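K.L.:
Model the full structure from these sequences, guided by the hints.
The chain contents come next:
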Amino acid sequence: MANMSLKKNPMPSQAPDVRNKNFQEVTLGYTKEMALDEAQRCLNCKNPQCMKGCPVMIHIPEFIAKVAAGEFEEAYQIISQTSSLPAVCGRVCPQESQCEKYCVRGIKGESVGIGRLERFVADWHNANVTAAPEQPKKNGHKVAVIGSGPSGLTCAGDLAKKGYDVTVFEALHLAGGVMVYGIPEFRLPKAIVQKEVDGLKALGVTVSTDTVVGRTVSIDELMDEYKFEAVFIGSGAGLPMFMKIPGINYKGVLSANEFLTRINLMKAYKPDSDTPIVHPKKVAVIGGGNVAMDAARCSKRLGAEVSVVYRRGMEELPARHEEVEHAQEEGIEFKTLNNPIEILADENDNVRAIRCIKMQLGEPDASGRRRPEEIPGSEFEMDVDCVIMALGTSPNPLIKSTTKGLEINKKGGIVVNEDGLTSREGVYAGGDAVTGAATVILAMGAGKTAAKAIDEALSK
Amino acid sequence: MFRIVRKEALKPTVVLFEIEAPMIAKKAQPGQFIILRVDENGERIPLTIHDYDREKGTVSIIVQIVGATTEKLNHLNQGDCLADFVGPLGKATETEGKKKVCVVGGGVGCAIAYPVLKKFHDDGAEVHAVVGFKSKDVVILEDKFKSASSVLKICTDDGSYGQKGLVTEALKELIDAGNQYDEIFAIGPMIMMKFVCKTTEPYGIPTTVSMSPIMIDGTGMCGGCRLAVGGEMKFACVDGPDFDGFKVDWDLAVKRNQMYKDFEMHKHEETCNLYKKEAK
Ligand SMILES: Cc1cc2nc3c(=O)[nH]c(=O)nc-3n(C[C@H](O)[C@H](O)[C@H](O)COP(=O)(O)OP(=O)(O)OC[C@H]3O[C@@H](n4cnc5c(N)ncnc54)[C@H](O)[C@@H]3O)c2cc1C
Ligand SMILES: Cc1cc2nc3c(=O)[nH]c(=O)nc-3n(C[C@H](O)[C@H](O)[C@H](O)COP(=O)(O)OP(=O)(O)OC[C@H]3O[C@@H](n4cnc5c(N)ncnc54)[C@H](O)[C@@H]3O)c2cc1C
Ligand code: SF4
Ligand code: SF4
Ligand code: FES
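Chains as they are written, first to last, in the numbering used here: chain D, 1 to 460; chain F, 1001 to 1280.
Don't read these hints as lab results, they were simulated from the structure. For clarity, every value in this text was computed on a predicted model and none was experimentally measured. Hints are not guaranteed to be accurate.
Unchecked claim - What follows is a list of derived Cβ distance ranges for each label pair: (1) D:Gly-426 x F:Gly-1230: 39 to 47 Å; (2) D:Phe-242 x F:Asn-1179: 38 to 46 Å; (3) F:Thr-1013 x D:Gly-405: 45 to 53 Å; (4) D:Lys-244 x F:Glu-1201: 25 to 33 Å; (5) D:Gly-313 x F:Glu-1232: 46 to 54 Å; (6) D:Ala-457 x F:Arg-1003: 33 to 41 Å.
Unchecked claim - Cross-link-like lysine-lysine pairs, in silico, DSS-like; alpha carbons within 25 Å at most: (7) F:Lys-1118 x F:Lys-1011; (8) D:Lys-227 x D:Lys-195; (9) D:Lys-300 x F:Lys-1261; (10) D:Lys-404 x F:Lys-1027; (11) D:Lys-411 x F:Lys-1234; (12) F:Lys-1234 x D:Lys-410; (13) D:Lys-411 x F:Lys-1091; (14) F:Lys-1261 x D:Lys-270; (15) F:Lys-1100 x F:Lys-1247; (16) D:Lys-21 x D:Lys-270; (17) F:Lys-1026 x D:Lys-142; (18) F:Lys-1100 x F:Lys-1194; (19) D:Lys-244 x F:Lys-1255; (20) F:Lys-1234 x D:Lys-400; (21) F:Lys-1261 x D:Lys-282; (22) F:Lys-1011 x D:Lys-404; (23) F:Lys-1056 x D:Lys-227; (24) D:Lys-410 x D:Lys-400; (25) D:Lys-282 x F:Lys-1255; (26) D:Lys-227 x F:Lys-1026; (27) D:Lys-270 x F:Lys-1276; (28) F:Lys-1247 x D:Lys-244; (29) D:Lys-400 x F:Lys-1091; (30) D:Lys-142 x F:Lys-1118; (31) F:Lys-1261 x D:Lys-267; (32) D:Lys-281 x F:Lys-1027; (33) F:Lys-1027 x D:Lys-400; (34) D:Lys-244 x F:Lys-1056; (35) D:Lys-358 x D:Lys-281; (36) D:Lys-227 x F:Lys-1027.
A virtual CB, placed ideally from N, CA and C, is assigned to each residue, including glycine.
P.N.:
As structure tokens, this is what we get:
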């Protein structure tokens, strides 16, 4: 008999006042009892709407039925058929606008906690199953993967399982892409990402960190000299945007990427790290997406008073609902319908304030969102000593500028067909490098698609 | 891991390291740099490629010991390994097609100036060099400079060696003596590069500078290395490190480099104390 409770089992979490002072994971995950109870809420629909919302079509009712039956490893196996990063996606997927948005239980009451169950299953597997993966028999084909974000890791993993000799080239000193340099520890513990990377190495994948493709080695050299038969570009969208306003280069103005990289990749919040980080008293984070939430919550954890400044309203915040809620609980202020027009500094060029103008929402624009308009004469100053720009990112031009014949669209994204093939023979691409900043699950899906196409092309 | 195959103290606080890094050695060009990390908790710091040996597969850097990370680096010896060594980063210096140039180096910047100077020389330009140091005991690479330049002026602040005074004065003398340079290339402390530009601007001689802002990734991802150049935002790690010196907003660049000064001083003290304790 299904559990007809209208409410999801709540997620156990660290108390807001405790967690806003540490970098440990905020949400603690379901216990076995909670997972069993939540799984009973799924109606096991014949025509499951939830699957339509999942970009990789995880067999949701099937895996949840296994959870309900207490067969957690079986549940894991079902998820693994379509997803390679369930412990990650169960944590960071925007479930409320994907799978859970379409769940029929959500029509009256709350949808089934699909993401939470997915996380439970993955964590259970990681804690209880230690079977070393079998080294697949090598098929003699060599494939290079550029970038070790979710798209690259997935593509590498799928190909390695089929026997390909795969090398992942990563510019930074640590593999994981945004999952290690951008998303903070308190949302996605780095040990989880490391486990994925270690898993790849156990499959025989070579991970070559400290290698910037386009500088250390070019795509042409990889193919001509190093004899890689195919290349997958999963280099992400790492180029930060800045506002074109006066004062943008003062001391204390950082991109979210710089701030988050110092914290997450370089662990600058720990006393034994050699990397410096600003310890501001009052921070304004400009933007309203996940990146802005992460920057705001990290600033809070460094002891600052934090405001998020966003030019549209609360309703329009592009960040995940859960992140906004968590941020509010942690004491972050939302100054919506405000737009910065200038950054002001003291005589030493240290930031002392930002000047903003109030906004109102006008008619919907091309994107369907209501266009923010300035309210004349409403300028005001906000005292801050640090401004973090979280306005979004675009694909890094380094690969484009060093690879001949690679077609790029207006926004800097690499042009691909439905198989992920670029305008260059044997060169595939996927993830944020193609779409611009998107999501982990989409990047993972793109890695899978390309792996399949590469396998088909090379096994001909 | 990247092994140190040779370590040579040119001066007590200026040390040359030759590092095994075949892929970088193969691609390195004058003007480019690397980023290294000494160990697992290490900071990523940028250092210019001083020299490379494509056959041996090694890259040399010359490091001035100024703070915590360079101090840590200096405690490594031949045979030890660096956690990370990535490059070659940045754009190579454009040296082709020049008939006569003057390279101006300051302090450890001279180490960086040398490969550029040599490339100008090898590409057929007549090269003059003006290099400045605090005093005689920190003069480095004199022989190397001599071998690749037709005029070499060494300046020291205190007059203990060569000509007494600043590089800008020596440079002005060369220009006033009628030398017609296609380009001046300045490399060293920001403040020196700024004044070289102030010196050459009235003469209208194109002046290129090699900028050294604070960096982390070196791939264009963080924007920490951004500079205002001709009113536009540039990322030194991918758009540079060479820029038109007349267009750089110097005051801002100098100030931005002091962003983490307090932390750096504290960390340096901490590191020195640690080594002192170990020595006991
Ligand atoms: C702060 C932040 C929070 C986010 N939060 C969420 C969230 O909650 N949920 C969600 O679904 N998505 C989130 N995203 C988006 C998500 O992380 C990305 O969409 C996803 O990581 C893209 O994966 P990718 O594989 O395309 O590239 P990335 O993860 O960007 O990885 C690209 C990798 O390639 C490397 N690289 C780049 N150029 C080169 C080169 N020339 N040579 C070698 N290596 C190179 C980079 O160093 C990087 O490691 C967030 C992003 C950020 C920045
Ligand atoms: C592209 C580039 C090339 C460089 N090439 C060389 C080189 O060939 N040899 C060399 O000795 N140094 C070079 N530098 C400078 C070198 O990176 C710094 O000296 C180093 O980061 C200092 O680290 P630290 O922890 O020892 O000192 P810190 O404690 O970080 O700093 C000590 C002092 O050095 C200053 N400093 C910090 N970072 C920089 C920087 N990026 N540039 C200038 N001064 C800085 C600080 O303001 C402080 O006064 C280069 C820098 C850049 C950006
Ligand atoms: S991968 Fe994401 S969208 Fe798909 S079922 Fe899991 S949480 Fe939902
Ligand atoms: S739509 Fe909801 S109730 Fe139906 S199968 Fe999917 S998760 Fe279960
Ligand atoms: S060092 Fe990060 S963008 Fe240049």
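K.L.:
What's the verdict on F:Lys-1234 and D:Lys-410, does the C-alpha distance respect the 25 Å limit or exceed it?
P.N.:
Roughly 20 Å between the alpha carbons, so the hint for F:Lys-1234 and D:Lys-410 holds.
K.L.:
For the pair supplied as a hint, D:Lys-281 and F:Lys-1027, confirm whether the alpha-carbon distance does not exceed 25 Å.
P.N.:
Measuring from Cα to Cα gives roughly 45 Å; hence the hint is violated.
K.L.:
Regarding the pair F:Lys-1100 and F:Lys-1247, is the alpha-carbon distance no greater than 25 Å?
P.N.:
Distance of about 22 Å is within 25 Å: holds.
K.L.:
Taking the Cβ atom of D:Gly-426 and the Cβ atom of F:Gly-1230, is their distance within the range 39 to 47 Å?
P.N.:
This hint holds: roughly 40 Å between Cβ atoms.
K.L.:
Given the hint that F:Lys-1100 pairs with F:Lys-1194, test it: the Cα-Cα distance must not exceed 25 Å.
P.N.:
Satisfied, since the Cα-Cα distance of roughly 22 Å is no more than 25 Å.
K.L.:
Does the Cβ-Cβ separation between D:Lys-244 and F:Glu-1201 fall within 25 to 33 Å?
P.N.:
holds (27 Å)
K.L.:
Holds or violated: are the alpha carbons of D:Lys-282 and F:Lys-1255 at most 25 Å from each other?
P.N.:
Satisfied, since the Cα-Cα distance of roughly 21 Å is no more than 25 Å.
K.L.:
Is the straight-line distance between the alpha-carbon of D:Lys-358 and that of D:Lys-281 25 Å or less?
P.N.:
OK: D:Lys-358 and D:Lys-281 at ~24 Å, within 25 Å.
K.L.:
Keeping to a limit of 25 Å between CA atoms, is the pair of D:Lys-244 and F:Lys-1255 held or broken?
P.N.:
Answer holds: D:Lys-244 to F:Lys-1255 is near 20 Å, not above 25 Å.
K.L.:
Below or equal to 25 Å on CA atoms is what counts here, so check D:Lys-21 against D:Lys-270.
P.N.:
holds (13 Å)
K.L.:
Given the range 46 to 54 Å, decide if the beta-carbon distance of D:Gly-313 to F:Glu-1232 lies inside it.
P.N.:
33 Å Cβ-Cβ, so the 46 to 54 Å window is violated.
K.L.:
Do the alpha carbons of D:Lys-411 and F:Lys-1091 lie within 25 Å of each other, as the hint requires?
P.N.:
Distance ~24 Å between D:Lys-411 and F:Lys-1091 Cα, so the pair holds.
Violation of the numbered hints given earlier is confined to hints 5, 8, 22, 30, 32, 34; the remaining hints are satisfied by the structure.
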